[in-house]
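Protein chains: 2
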Amino acid sequence: IAKEVAKLLEMKAQLGTDEGKHKFVLKTPKGTRDFGPKEMAIRERAFKAIISCFKRHGAEVIDTPVFELKETLTGKYGEDSKLIYDLKDQGGELLSLRYDLTVPFARYLAMNKITNIKRYHIAKVYRRDNPAMTRGRYREFYQCDFDIAGQFDPMIPDAECLKIVHEILSDLQLGDFVIKVNDRRILDGMFAVCGVPDSKFRTICSSVDKLDKVPWEEVRSEMVGEKGLSPEAADRIGEYVQLHGGLDLIEQLLQDPKLSQNKVAKEGLGDMKLLFEYLTLFGITGKISFDLSLARGLDYYTGVIFEAVLLQQDNEHLEEPLSVGSVAGGGRYDGLVGMFDAKGRKVPCVGVSIGIERIFSILEQRLEASEEKIRTTETQVLVASAQKKLLEERLKLISELWDAGIKAEMLYKKNPKLLNQLQYCEETGIPLVAIVGEQELKDGVVKLRIVATREEVNVRRESLVEEIRIRTSQC
Amino acid sequence: IAKEVAKLLEMKAQLGTDEGKHKFVLKTPKGTRDFGPKEMAIRERAFKAIISCFKRHGAEVIDTPVFELKETLTGKYGEDSKLIYDLKDQGGELLSLRYDLTVPFARYLAMNKITNIKRYHIAKVYRRDNPAMTRGRYREFYQCDFDIAGQFDPMIPDAECLKIVHEILSDLQLGDFVIKVNDRRILDGMFAVCGVPDSKFRTICSSVDKLDKVPWEEVRSEMVGEKGLSPEAADRIGEYVQLHGGLDLIEQLLQDPKLSQNKVAKEGLGDMKLLFEYLTLFGITGKISFDLSLARGLDYYTGVIFEAVLLQQDNEHLEEPLSVGSVAGGGRYDGLVGMFDAKGRKVPCVGVSIGIERIFSILEQRLEASEEKIRTTETQVLVASAQKKLLEERLKLISELWDAGIKAEMLYKKNPKLLNQLQYCEETGIPLVAIVGEQELKDGVVKLRIVATREEVNVRRESLVEEIRIRTSQC
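First to last, the protein sequences are chains L and Z. Counting in our numbering, the first sequence runs without a single skipped number right up to 484 at its last residue. Counting in our numbering, the second sequence runs without a single skipped number right up to 484 at its last residue.
Read the hints as simulated data drawn from the structure, not as lab findings. Each residue gets a CB set at the ideal place from its N, CA and C atoms; glycine is no exception. There's no promise every hint is true.
Distance condition first, Cα-Cα at most 27 Å in a straight line; then the derived BS3-like pairs of lysine-lysine [as the list claims (entries may be wrong)]: (1) L:122 - L:355; (2) Z:209 - Z:91; (3) L:64 - Z:133; (4) Z:236 - Z:219; (5) L:36 - Z:91; (6) Z:36 - L:122; (7) L:426 - L:397; (8) Z:133 - Z:47; (9) Z:219 - Z:209; (10) Z:97 - L:39; (11) L:36 - Z:352; (12) L:423 - Z:122; (13) L:57 - Z:416; (14) Z:64 - Z:79; (15) Z:236 - L:64; (16) Z:423 - L:296; (17) L:97 - L:36; (18) Z:423 - L:64; (19) L:416 - Z:272; (20) Z:91 - L:79; (21) Z:275 - L:422; (22) Z:79 - L:133; (23) Z:39 - L:133.
Residues from chain L shown here face chain Z by an in silico Cβ test under 8 Å; the list is partial [to be verified]: (24) 96; (25) 414; (26) 422.
Here are the simulated distance ranges between beta carbons [to be verified]: (27) L:481 - Z:100: 49 to 59 Å; (28) Z:437 - L:257: 33 to 43 Å; (29) Z:124 - L:414: 24 to 34 Å; (30) L:64 - Z:447: 49 to 59 Å; (31) L:142 - Z:222: 41 to 51 Å; (32) Z:141 - L:209: 46 to 56 Å; (33) Z:222 - L:414: 32 to 42 Å; (34) Z:160 - L:39: 48 to 58 Å; (35) Z:253 - L:124: 51 to 61 Å; (36) L:17 - Z:124: 35 to 45 Å.
Build the full structure now, drawing on both the sequences and the hints.
And the structure:
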């Protein structure tokens with residue numbers, strides 16, 4: 010038997026090699042996807058909602074290259090730097106694909122000495138992460154960023170960023186959501202009063218950041234076991250990070266005997282109170298939760314931080330709504346631009362990033378469930394013929410329509426059957442058919458067929474453009 | 010002296026090292042650029058014209074990842090393959106940045122077994138070329154591609170591609186242009202009857218492709234000297250490649266004693282005649298030139314090829330209009346999809362690519378010359394206050410406006426001066442100011458100021474949204 014198995018294995022190995030020779034691997038790179046016409050239609054709907062919101066708030070738009078000098082990205086992302094895609098050294102500069110849109114934005118500001126701008130930027134970013142594509146986690150994915158740079162009175166731009174998240178998530182009708190808010194200064198103050206040594210602030214902050222995925226017990230043992238924090242300090246942190254609420258919690262912490270003695274915490278809490286006042290004027294505090302467990306992974310935040318999560322639908326048997334993941338996040342980063350300036354001149358910034366891929370996944374799943382038929386073209390009319398030998402007449406007519414700005418198609422056949430032409434309209438949702446025939450040509454008319462009702466009317470050739478416009482106007 | 014020089018050089022070297030330590034290189038990678046708000050406004054104008062044209066012709070839209078498996082790109086670009094950007098091997102798949110949108114499109118068709126689609130794709134592509142940025146040549150640049158895939162009657166989709174180029178270049182008002190047309194089959198037939206050995210077709214074709222940049226004499230010496238072609242064959246090619254014209258030239262070549270005996274040339278000329286008939290129906294032959302010197306660099310073309318060039322303006326002292334470079338190109342590639350199919354099943358394709366960067370350069374230069382002031386936001390109204398302590402009222406009002414879909418801004422100051430607020434409108438082109446003050450609040454009105462005329466009217470708060478809409482509607 011062993012001999013037989015060996016023989017079979019050898020045959021299999023040979024087969025494998027042969028296959029390898031002839032079989033071309035036909036796929037997109039790991040963690041990436043194509044967008045076909047249907048997916049693009051959904052994507053463009055979502056982008057439209059997001060861009061209108063950014064424009065409603067008076068943002069300009071910029072774009073930067075897909076790669077940056079490697080050194081531009083170095084030292085900005087902490088532990089996540091290992092996820093950066095580098096380009097091969099083919100001579101010349103060392104380059105990396107952008108990891109987010111925030112660092113390129115800061116580089117752009119410093120390079121052009123811009124101290125004051127409100128801009129949005131929608132583009133793909135790249136992370137060599139473990140993809141989980143069914144849940145909308147990719148290695149190539151879009152970010153939709155809105156940022157306000159400049160020296161302003163406290164919390165006014167910060168409040169606008171939260172208003173924007175609220176508007177976009179409401180507009181896209183993704184279901185219930187909550188926007189968690191915290192402040193790096195409150196976290197730092199909390200770490201200090203809990204007895205965390207200064208040198209461990211960052212790494213303990215990274216541990217806290219995991220609380221949305223793993224239970225406190227695990228985070229605690231990471232703090233104590235891996236990161237060498239005293240059990241007492243960890244327990245004190247544990248008490249704080251379970252707190253979440255609104256203005257009442259802010260007031261409570263402002264009275265907290267330890268926190269109220271810490272300068273940065275007090276600053277952070279004062280600003281948080283101001284933020285909540287502004288959010289009350291915007292009428293959106295119902296969806297905002299001041300949450301001491303929110304930490305955010307990135308190194309560059311210096312003040313307010315926030316993250317929007319969608320809440321699970323249809324879960325009557327669960328006591329609390331379950332979060333299904335973050336769809337937007339951001340915060341204040343007052344030091345990042347200064348890292349690019351030779352003299353370290355700072356430009357305070359606050360911004361938000363909409364994580365559109367998860368939103369796509371939800372919209373796609375919903376569309377599939379709804380059986381709504383989505384059109385992937387905007388064609389208004391198909392130029393068709395009922396008889397043979399009318400290709401030239403079709404070409405002449407379609408050219409007239411294109412030149413008049415009408416969206417028109419025809420089948421690329423010399424003599425297509427009328428049935429096939431009508432079927433094409435049914436399949437693609439084209440609402441009108443302009444039919445040319447011998448008799449119509451003699452009479453100087455075109456037969457216009459309304460696909461939905463099968464009604465047919467003769468339209469004088471010189472009125473055709475106007476007639477199509479009227480019948481397909483969406484006003 | 011030698012000693013002094015050595016000392017100075019040493020000092021300089023030390024200085025160089027120190028500089029290297031402190032000076033951060035603040036730039037975008039070689040051959041790339043940022044697009045600021047003004048450039049983006051121009052870019053979006055151009056894209057709008059191009060996208061409307063593609064949609065007018067019934068195209069769907071797709072998107073693919075910015076990188077592909079390295080092997081997907083291998084063997085598709087001939088001599089130009091050396092310009093491909095590879096990613097660093099960080100474990101996992103070997104990847105390259107896309108070089109054009111055509112090969113990813115073919116990969117997409119084969120992978121999804123699509124045999125019939127009309128799609129456009131607008132995205133950045135990457136070439137490690139020598140950049141000439143003032144003339145719009147970059148290493149990262151946009152391509153706007155429209156392609157028709159499927160088995161159809163000859164030259165109907167091909168003619169539509171040329172119509173599209175004609176529409177876009179006319180619409181963008183870039184000045185006079187000519188679209189050169191040729192066919193790879195005519196070139197191959199021409200090479201055959203001139204006595205070029207089969208094995209040298211490709212490399213001689215590459216030489217012919219240089220004729221738009223260097224004179225015939227140079228191309229001839231490359232053919233004979235470097236590529237070992239006989240002088241007689243080269244001279245025969247030289248006679249053909251100076252020919253250009255229209256239907257008359259096609260008829261003449263169909264009578265050519267040598268070419269008319271060559272099967273592929275005859276096929277190509279027959280189709281070229283058909284193409285001109287269709288272009289006549291489209292009314293665009295005035296801008297089309299059948300040009301035997303047009304070869305196009307890429308390997309994958311199999312039939313019709315074309316290239317649009319802008320003609321130099323203001324050159325009365327020159328006899329012939331000078332071309333300032335190609336802004337669009339394309340052709341038929343019937344074999345490319347088959348290269349990705351395990352069974353080699355072919356999907357005939359024809360397409361066009363608009364080279365938008367050169368068009369940007371021209372539009373930018375023109376705008377700079379015209380001193381037209383271009384708006385970079387769409388803000389309709391600035392929410393302002395004439396007195397102090399009205400931040401809360403401004404926040405309340407702007408929130409109402411945003412929620413009603415009005416594009417509104419405010420200054421992020423607690424107590425901004427009215428003059429500064431009005432100045433901001435002048436600078437950014439905001440047409441209206443909604444001013445809140447003590448008296449207005451008591452009266453339940455908002456003072457609406459029209460920036461251009463300095464006129465001010467009191468508007469009841471509940472009519473404000475409607476009033477802003479009417480005053481800023483563009484119908």
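Hint-by-hint comparison with the structure:
no.: 1; hint: L:122 - L:355; verdict: holds, 11 Å
no.: 2; hint: Z:209 - Z:91; verdict: holds, 21 Å
no.: 3; hint: L:64 - Z:133; verdict: holds, 24 Å
no.: 4; hint: Z:236 - Z:219; verdict: holds, 14 Å
no.: 5; hint: L:36 - Z:91; verdict: holds, 23 Å
no.: 6; hint: Z:36 - L:122; verdict: holds, 12 Å
no.: 7; hint: L:426 - L:397; verdict: holds, 8 Å
no.: 8; hint: Z:133 - Z:47; verdict: holds, 19 Å
no.: 9; hint: Z:219 - Z:209; verdict: holds, 16 Å
no.: 10; hint: Z:97 - L:39; verdict: holds, 15 Å
no.: 11; hint: L:36 - Z:352; verdict: holds, 16 Å
no.: 12; hint: L:423 - Z:122; verdict: holds, 25 Å
no.: 13; hint: L:57 - Z:416; verdict: holds, 15 Å
no.: 14; hint: Z:64 - Z:79; verdict: violated, 32 Å
no.: 15; hint: Z:236 - L:64; verdict: violated, 58 Å
no.: 16; hint: Z:423 - L:296; verdict: holds, 25 Å
no.: 17; hint: L:97 - L:36; verdict: holds, 22 Å
no.: 18; hint: Z:423 - L:64; verdict: holds, 23 Å
no.: 19; hint: L:416 - Z:272; verdict: violated, 39 Å
no.: 20; hint: Z:91 - L:79; verdict: holds, 22 Å
no.: 21; hint: Z:275 - L:422; verdict: holds, 23 Å
no.: 22; hint: Z:79 - L:133; verdict: holds, 20 Å
no.: 23; hint: Z:39 - L:133; verdict: holds, 20 Å
no.: 24; hint: 96; verdict: holds, 6 Å
no.: 25; hint: 414; verdict: holds, 7 Å
no.: 26; hint: 422; verdict: holds, 5 Å
no.: 27; hint: L:481 - Z:100: 49 to 59 Å; verdict: holds, 53 Å
no.: 28; hint: Z:437 - L:257: 33 to 43 Å; verdict: holds, 40 Å
no.: 29; hint: Z:124 - L:414: 24 to 34 Å; verdict: holds, 31 Å
no.: 30; hint: L:64 - Z:447: 49 to 59 Å; verdict: violated, 32 Å
no.: 31; hint: L:142 - Z:222: 41 to 51 Å; verdict: holds, 46 Å
no.: 32; hint: Z:141 - L:209: 46 to 56 Å; verdict: holds, 53 Å
no.: 33; hint: Z:222 - L:414: 32 to 42 Å; verdict: holds, 37 Å
no.: 34; hint: Z:160 - L:39: 48 to 58 Å; verdict: violated, 34 Å
no.: 35; hint: Z:253 - L:124: 51 to 61 Å; verdict: holds, 55 Å
no.: 36; hint: L:17 - Z:124: 35 to 45 Å; verdict: holds, 39 Å
Checked against the numbered hints listed earlier, the structure breaks hints 14, 15, 19, 30 and 34; every other hint is satisfied.
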